[in-house]
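**Student:** When the letters of the sequence shown are read in order and numbered with UniProt numbering, they come out as residues 1 to 299.
Each hint should be verified, as a subset may be incorrect.
Unchecked claim - Computed spacing ranges between beta-carbons, pair by pair:
| # | residue 1 | residue 2 | range |
| --- | --- | --- | --- |
| 1 | P283 | G203 | 16 to 22 Å |
| 2 | D122 | S218 | 17 to 23 Å |
| 3 | S251 | E103 | 42 to 48 Å |
| 4 | G213 | P283 | 29 to 35 Å |
| 5 | E249 | D279 | 41 to 47 Å |
| 6 | Q140 | N89 | 25 to 31 Å |
| 7 | G75 | G203 | 39 to 45 Å |
Note that these hints are calculated values from the structure, not bench results.
Keep in mind it's a predicted model, so treat the numbers as computed, not measured.
From the three backbone atoms N, C-alpha and C, an ideal C-beta is built for every residue, glycine too.
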Amino acid sequence: MTDDSSRGSKDAPTSNRLRRRHFLQTAGATLGGVWAASTASAASSGDIVDSSGMHTQAFDGNEWTLSWREEFDTGSIDQGIWNFETGNNDGWGNNELQYYQRENAWIENNQLVIEAREEQVDSYEYTSARMTTAGKYEKQYGRVDVRARLPRGQGVWPAIWMLGADIGSVGWPNCGEIDIMELIGSDVNTVHGTVHGPSYSGGNSIGGSYTGGSFADSYHVFQLTWYPDAIKFFVDGQQYFTVTLYDVEASGYDWVFDDGPFFLILNVAVGGNWPGYPDDSTPFPQRMEVDYIRAYDWV
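Could you put together the complete structure from these sequences and hints?
**Tutor:** Take a look at the structure:
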């Protein structure tokens, strides 16, 4: 989800480039991938937790240790993990219509619910919620799994995504953005995985898409594996897109995904430049229901 509500500038220092190359030369994992590949391919589906609840079997050619989880099973939203952003913030850089407020998110049946409604607050005709882990849980590299069921409807725009924790000092898109999952509500059969960075943001972003059954009718697991030189996107264990450092830099762009940790964002927008705007066919309220978020480190 493009978010250019704050901006800044940054030149990648030479020392950072040398540090990056040194890390890649000594890394033990086999990394890399295909530039802008959008065809789903088979991937190991192992997500079997052992008796300790900590170690999973191989996925994406590695083994993984569970390092953090949010199961939404405590009866209320944990404010030690989550922040709530409020207001419209001039359309959040995308000409969105909703007013974000705390009241549109809650825990129900051990799941997080974010609900978009058609209701007036101040001068806005729609409300929803936007939650972040900024300053509370931030991660660099590893694997992230999010199990969720998505909303539907023209102009409805759910997203599960990440922003660089340095956004306050360098702005967007220099901080980097990783969209684990976005869906345009008028096409509930297709989800998108995207990265944004300096000079490859907005309409010039880099991403792929996965088409399956309706993501509004059943739960699916949206997965990301993030290495120093590659980011890979999956749905239910099926890899559908990979972006690499090598091809980004060969295109003259800066790879900003090894500059530091990122935080998580969950939201449901209403309207915007990409999904368009609600019409008479759009049913409200609409919910994104999140069963869990699990983060892993490779062994």
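**Student:** Does each hint hold? Answer for all of them.
**Tutor:** Structure-based check of all given hints:
no.: 1; hint: P283 with G203: 16 to 22 Å; in the structure: 29 Å, violated
no.: 2; hint: D122 with S218: 17 to 23 Å; in the structure: 36 Å, violated
no.: 3; hint: S251 with E103: 42 to 48 Å; in the structure: 44 Å, holds
no.: 4; hint: G213 with P283: 29 to 35 Å; in the structure: 19 Å, violated
no.: 5; hint: E249 with D279: 41 to 47 Å; in the structure: 42 Å, holds
no.: 6; hint: Q140 with N89: 25 to 31 Å; in the structure: 26 Å, holds
no.: 7; hint: G75 with G203: 39 to 45 Å; in the structure: 42 Å, holds
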